[in-house]
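Got chain A sorted already, so can you dock chain B onto it with the hints?
Number of protein chains: 2
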Amino acid sequence: MKLYDTTLAPNARRVRMFLAEKNMQVESIEINLLKGDNLTEEFRRRNPFAKVPVLELDTGEILSESVAICRYLEEIQPEPALLGTTALEKAQIEMWQRRAEFSFLMPTGMAFQHCTGFFKDRMTPNKEWGEECKKSAFGFLKLLNQHLSDFTYLAGDNFSIADITMLTTLDFGRTVDIRLNEKHEHIQRWYDLVSQRPSAKA
Amino acid sequence: MKLYDTTLAPNARRVRMFLAEKNMQVESIEINLLKGDNLTEEFRRRNPFAKVPVLELDTGEILSESVAICRYLEEIQPEPALLGTTALEKAQIEMWQRRAEFSFLMPTGMAFQHCTGFFKDRMTPNKEWGEECKKSAFGFLKLLNQHLSDFTYLAGDNFSIADITMLTTLDFGRTVDIRLNEKHEHIQRWYDLVSQRPSAKA
Numbered sequence: 047m048k049l050y051d052t053t054l055a056p057n058a059r060r061v062r063m064f065l066a067e068k069n070m071q072v073e074s075i076e077i078n079l080l081k082g083d084n085l086t087e088e089f090r091r092r093n094p095f096a097k098v099p100v101l102e103l104d105t106g107e108i109l110s111e112s113v114a115i116c117r118y119l120e121e122i123q124p125e126p127a128l129l130g131t132t133a134l135e136k137a138q139i140e141m142w143q144r145r146a147e148f149s150f151l152m153p154t155g156m157a158f159q160h161c162t163g164f165f166k167d168r169m170t171p172n173k174e175w176g177e178e179c180k181k182s183a184f185g186f187l188k189l190l191n192q193h194l195s196d197f198t199y200l201a202g203d204n205f206s207i208a209d210i211t212m213l214t215t216l217d218f219g220r221t222v223d224i225r226l227n228e229k230h231e232h233i234q235r236w237y238d239l240v241s242q243r244p245s246a247k248a
Numbered sequence: 047m048k049l050y051d052t053t054l055a056p057n058a059r060r061v062r063m064f065l066a067e068k069n070m071q072v073e074s075i076e077i078n079l080l081k082g083d084n085l086t087e088e089f090r091r092r093n094p095f096a097k098v099p100v101l102e103l104d105t106g107e108i109l110s111e112s113v114a115i116c117r118y119l120e121e122i123q124p125e126p127a128l129l130g131t132t133a134l135e136k137a138q139i140e141m142w143q144r145r146a147e148f149s150f151l152m153p154t155g156m157a158f159q160h161c162t163g164f165f166k167d168r169m170t171p172n173k174e175w176g177e178e179c180k181k182s183a184f185g186f187l188k189l190l191n192q193h194l195s196d197f198t199y200l201a202g203d204n205f206s207i208a209d210i211t212m213l214t215t216l217d218f219g220r221t222v223d224i225r226l227n228e229k230h231e232h233i234q235r236w237y238d239l240v241s242q243r244p245s246a247k248a
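Here the protein sequences come in this chain order: A and B.
Mapped onto the numbering used here, the consecutive letters of the first sequence carry residue numbers 47 to 248.
Mapped onto the numbering used here, the consecutive letters of the second sequence carry residue numbers 47 to 248.
The shape of chain A in the complex, shown without the other chains (with noise of 0.2 Å):
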């Protein structure tokens, strides 16, 4: 299997945090985003969506988007389970893995694209909406703090794939300033324990 990869991007992060933690290694190249690398027509053959990472298996099948990854590599290699074992918690990952993700990665991400003006070769930023996006963030950061004052990982006792998303997104958030502070205290005592994980510097 070949990864292409992007160093600094957090949906990339996603998929090699995943892999640490199932021990798992696969051949990666780098992708540039800064430099256009993912909009050539070579790498819109492999990707359409010219989105980054992309999984290219052995028997030349494509996928792309990173949990869609994720999910084919828990298929292939089913411990240490980061998708749930049972139907409820499998239900209460997917839960928490898409409020992390609708409710924190995307305004992240969003707030980046339209406040730092990074891609404005290729988007019109918006710097109004940026913001918006910066404070929802925090609405989120609030009902996670309450939530993690009674469970160890997002989604209850084990460490999952949601833990994934909020680690990565939360290391990113920096570059526009979206940090946790002296309110988050139940966040940081998750984020204490989850950021020492090896996998954790993929």
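These are computed hints drawn from the structure, not numbers from a lab.
Some clues are possibly wrong.
Which copy? The list can't say, so a pair holds if one copy fits it or any two copies do.
[Claimed, not checked] Straight-line C-alpha distance at most 27 Å; calculated DSS-like pairs for lysine-lysine:
id : residue 1 : residue 2
1  : Lys166    : Lys181
2  : Lys136    : Lys68
3  : Lys81     : Lys181
4  : Lys173    : Lys68
5  : Lys173    : Lys247
6  : Lys166    : Lys188
7  : Lys81     : Lys188
8  : Lys229    : Lys48
9  : Lys166    : Lys48
10 : Lys136    : Lys188
Just chain B now, kept in the frame of chain A:
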């Protein structure tokens, strides 16, 4: 099981259509978003994120996020499979599901919120951003049309949750004039096929 449902929202219709495909019935409780039924303290005890739909299990466990609810339903009643059977198929469905969500459902939903001002009592609409979202929804339709020139359904040969996401969003898109036109012949062929399924009445 009890489903806290709301007739007009595409996310809620996704779950109803999923249930119909599985031929499962659940007790349904209507939540009126316009009246703010989802913003009450009672509702927030079930879902602090104040989003609909919510599934309450007979054990009292609560699941929110449409796809988390669908994953639970798929686990307790695997047939007919709507999330795939083999590792590759599961990953391909997840890939198309996420493409449809992040590149079509999200921008269509944001176009609705920011262009119509429907929820202006609880958010700040940004018309420019709404118009950008509309453009990016049409960008997705262009890529999807190419894809559907080669495949029967979004994820290949089998109807899946990705088709449910796409159909419900496309129907909802009319509210902000996101509609198929003469350039989308392959999506139109797919639309005619899937909208005839009995579950599409959900």
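Evaluated hints:
1. Lys166 <-> Lys181: So Lys166 and Lys181 pass the 27 Å test inside a copy (22 Å) and across (16 Å) alike.
2. Lys136 <-> Lys68: Answer is both; intra-copy 17 Å and inter-copy 19 Å each pass.
3. Lys81 <-> Lys181: between (30 Å within a copy, 24 Å between copies)
4. Lys173 <-> Lys68: Classified as neither: same-chain Cα gap 39 Å, cross-chain 44 Å, threshold 27 Å.
5. Lys173 <-> Lys247: The answer is neither: 32 Å in one copy and 41 Å across copies each exceed 27 Å.
6. Lys166 <-> Lys188: between (31 Å within a copy, 22 Å between copies)
7. Lys81 <-> Lys188: Between copies, since 25 Å is at most 27 Å while 37 Å is not.
8. Lys229 <-> Lys48: neither (42 Å within a copy, 35 Å between copies)
9. Lys166 <-> Lys48: neither (30 Å within a copy, 46 Å between copies)
10. Lys136 <-> Lys188: within (24 Å within a copy, 34 Å between copies)
In summary, the numbered hints that this structure violates are 4, 5, 8, 9.
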